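S.K.: The chain contents come next:
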Amino acid sequence: MMRSVRLARTISLLALLALWQLLSTRAMPEYVLGPAEILRHFTAALVSGELFPHIGASLARSIPGFALGTSVGILLGLLAGVARGLDELLSPVIFLTYPVPKIVILPLLMLWFGTEDLSKVVIIALACFYPAFINAYYGAKATPAILVWSGLNMGARRWQVFRKVVVPSALPLIFAGVRVSLALSFVLLFAAEMINARAGLGFLIRQSENSLRFDLMYVSILTIAVLGYLGDRLLRATRKRVVAWQELQGA
Amino acid sequence: MAGAAGRVSGRPRALLRVLAGLRRYALPALALIAWELLARSGRFSPILFPSLVNIAREFGGLVTHGDRLAEAWYSLYRALGGFALAAAAGVLIGTLMGRSTLAAGLFEPLFSGTYPVPKIALFPLFVFVFGIGSLSKVALVFLECLYPIVINTYYGTRAVNRVLVWSARNMGATPGQILRKVVVPATAPFIFAGFRVALPIAMIVVIITEMIGSADGLGYMVIYAFASFQTARVLAAVVAIALLGLALDGILVAVRNRLVFWEKLESYYA
Numbered sequence: 000m001m002r003s004v005r006l007a008r009t010i011s012l013l014a015l016l017a018l019w020q021l022l023s024t025r026a027m028p029e030y031v032l033g034p035a036e037i038l039r040h041f042t043a044a045l046v047s048g049e050l051f052p053h054i055g056a057s058l059a060r061s062i063p064g065f066a067l068g069t070s071v072g073i074l075l076g077l078l079a080g081v082a083r084g085l086d087e088l089l090s091p092v093i094f095l096t097y098p099v100p101k102i103v104i105l106p107l108l109m110l111w112f113g114t115e116d117l118s119k120v121v122i123i124a125l126a127c128f129y130p131a132f133i134n135a136y137y138g139a140k141a142t143p144a145i146l147v148w149s150g151l152n153m154g155a156r157r158w159q160v161f162r163k164v165v166v167p168s169a170l171p172l173i174f175a176g177v178r179v180s181l182a183l184s185f186v187l188l189f190a191a192e193m194i195n196a197r198a199g200l201g202f203l204i205r206q207s208e209n210s211l212r213f214d215l216m217y218v219s220i221l222t223i224a225v226l227g228y229l230g231d232r233l234l235r236a237t238r239k240r241v242v243a244w245q246e247l248q249g250a
Numbered sequence: 000m001a002g003a004a005g006r007v008s009g010r011p012r013a014l015l016r017v018l019a020g021l022r023r024y025a026l027p028a029l030a031l032i033a034w035e036l037l038a039r040s041g042r043f044s045p046i047l048f049p050s051l052v053n054i055a056r057e058f059g060g061l062v063t064h065g066d067r068l069a070e071a072w073y074s075l076y077r078a079l080g081g082f083a084l085a086a087a088a089g090v091l092i093g094t095l096m097g098r099s100t101l102a103a104g105l106f107e108p109l110f111s112g113t114y115p116v117p118k119i120a121l122f123p124l125f126v127f128v129f130g131i132g133s134l135s136k137v138a139l140v141f142l143e144c145l146y147p148i149v150i151n152t153y154y155g156t157r158a159v160n161r162v163l164v165w166s167a168r169n170m171g172a173t174p175g176q177i178l179r180k181v182v183v184p185a186t187a188p189f190i191f192a193g194f195r196v197a198l199p200i201a202m203i204v205v206i207i208t209e210m211i212g213s214a215d216g217l218g219y220m221v222i223y224a225f226a227s228f229q230t231a232r233v234l235a236a237v238v239a240i241a242l243l244g245l246a247l248d249g250i251l252v253a254v255r256n257r258l259v260f261w262e263k264l265e266s267y268y269a
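Quick mapping for you: the protein sequence lines, in order, are chains A and B.
Here the first sequence is numbered in numbering that gives the first Met the number 0, starting from 0 and rising by one per residue.
Here the second sequence is numbered in numbering that gives the first Met the number 0, starting from 0 and rising by one per residue.
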């Protein structure tokens, strides 16, 4: 069963790539490149090293933003999930502003914090905050009451109950939220760099778009795709280790 | 809190309850007051902190001027257009995947393999293929919304209680009837969960793409006003975008609760 699924998976991916390659060699506009060509340009850019400063610039924005946003979000979400006063103070504001695309306040942040890295880190942190907060909040709220009672009954302090009962029980949901945050961090990184930057992958895409260097454009897009994929894999590996008792379901 | 209120009797208790109810609004009210004080202190330029009055005036202009209202209409139409296409295609693909192993084997690797890839990076390419107008934005919204809808529908159809399907088949229902009367209703909560994830994504993608490459829409308005240092107008557009996002989510929850009446969903901001 497992093997046939894997086989079907490989075959359908290969078929798609082959179709793409076949179509790209036909009479196509200049901006359509085949997978083989993209891979060739990609390795060339890796060998020449022209990609690395941009990858570095992008990661220097997305990693601090992601780390800051998710850690503050998880912490406040857990606290709001257990402390009613904080819940009533924070949750209405956060749920109200949740469906607003955070990118719209980037202009304001650029006025306040300048057009350098700080405003980008803040906007990424802000976008990553929401899914982390909401999932940590619901995770903490969904802690089975009987576990909390048993903990208290057996003489655990409130802090111990929080650390040993509430946090582990919220972890699976927290990871689901962090996964959304990670995806959002890439979206925001790309958007912020397309809007205003002097280095980074989004900047590279914009630059190659303006100079009609489609090879470089594809290479940058592929780099963002690979980074997004690797980040997700890393998160899944961490999750597997931390939430070992809960089997990961689905993709 | 409940214990403290319980000890007080009579009128003070009612007062306490009102105060506790007001706590929900404490933080936003404080933030607005602090903002207005900052704006009025004269210490900062109105470019950094425009007064709430100016923002309200700009918002009024946005709502009453036909040409500015048209920008909101562009954004809304792109977001909803892409979302509707993704909803139709996504439910179809997801149901197919759930009901047929062949379709699952075909589509599942595509979706799970490209799920963590940031699709927004394809936008420059979409501009070359579909042009700088609405089509490239609608196409990207479609692509981004497709994933949560397909995945939720797929898991939903797989989670349908088999006993229900068997009983229907046993009682002589045709495959079409099983699909319509058993599978689709049982999957509906999952489908709507996917819609609920996809709708804010549609707004995000529309606003971002309008900010990056467009000549109309609310996202363009934000960037244009920012570039001409009209911060009050930027914030008025932000308020408009926020209200649109909230209204869309509210409508979706209302529709969902009407269709999936046996399982109520709470709106976030009830």
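Rather than coming from a laboratory, the hints here were simulated on the basis of the structure.
Since we're looking at a predicted model, the values are computed, not measured.
Accuracy of the hints is not assured; some may be wrong.
[What the hints assert, rightly or not] In silico DMTMM-like links for lysine to aspartate or glutamate, alpha-carbon gap of 25 Å or less:
| hint | chain 1 | residue 1 | chain 2 | residue 2 |
| --- | --- | --- | --- | --- |
| 1 | A | 140 | A | 87 |
| 2 | A | 140 | B | 248 |
| 3 | A | 239 | B | 107 |
| 4 | A | 140 | B | 107 |
| 5 | A | 163 | A | 49 |
| 6 | A | 140 | A | 214 |
| 7 | B | 180 | B | 66 |
[Said to hold, decoys possible] Listing some non-contacts, in silico: residues in chain B with all C-beta distances to chain A over 12 Å:
| hint | residue |
| --- | --- |
| 8 | 72 |
| 9 | 109 |
| 10 | 134 |
[To be verified] To give a feel for the contact side, a few chain A residues facing chain B, derived at Cβ under 8 Å:
| hint | residue |
| --- | --- |
| 11 | 19 |
| 12 | 102 |
| 13 | 108 |
| 14 | 112 |
| 15 | 115 |
| 16 | 236 |
Even for Gly, the Cβ is constructed at its ideal location relative to N, Cα and C.
S.K.: Does each hint fit the structure? Answer for all of them.
M.R.: Each hint tested on the structure:
1. A:140 to A:87: 14 Å, holds
2. A:140 to B:248: At roughly 23 Å apart (the allowed maximum being 25 Å), residue 248 (chain B) and residue 140 (chain A) satisfy the hint.
3. A:239 to B:107: 22 Å, holds
4. A:140 to B:107: 33 Å, violated
5. A:163 to A:49: 48 Å, violated
6. A:140 to A:214: The hint is violated at about 50 Å.
7. B:180 to B:66: Since the Cα atoms of residue 180 (chain B) and residue 66 (chain B) sit roughly 47 Å apart, the hinted pair is violated (cutoff 25 Å).
8. 72: Its Cβ never comes within 12 Å of chain A, the nearest being 17 Å, so this holds.
9. 109: 7 Å, violated
10. 134: 15 Å, holds
11. 19: Violated, because the Cβ-Cβ distance from residue 19 (chain A) to chain B comes to roughly 12 Å (cut-off 8 Å).
12. 102: Hint on residue 102 (chain A): holds, closest Cβ of chain B at ~5 Å, below 8 Å.
13. 108: Interface hint status for residue 108 (chain A): violated (11 Å vs cutoff 8 Å).
14. 112: 11 Å, violated
15. 115: Interface hint status for residue 115 (chain A): violated (16 Å vs cutoff 8 Å).
16. 236: Where the cut-off is 8 Å and the nearest Cβ of chain B is about 13 Å from residue 236 (chain A), the hint is violated.
Comparing the model with each earlier hint shows violations of hints 4, 5, 6, 7, 9, 11, 13, 14, 15, 16; every other hint is respected.
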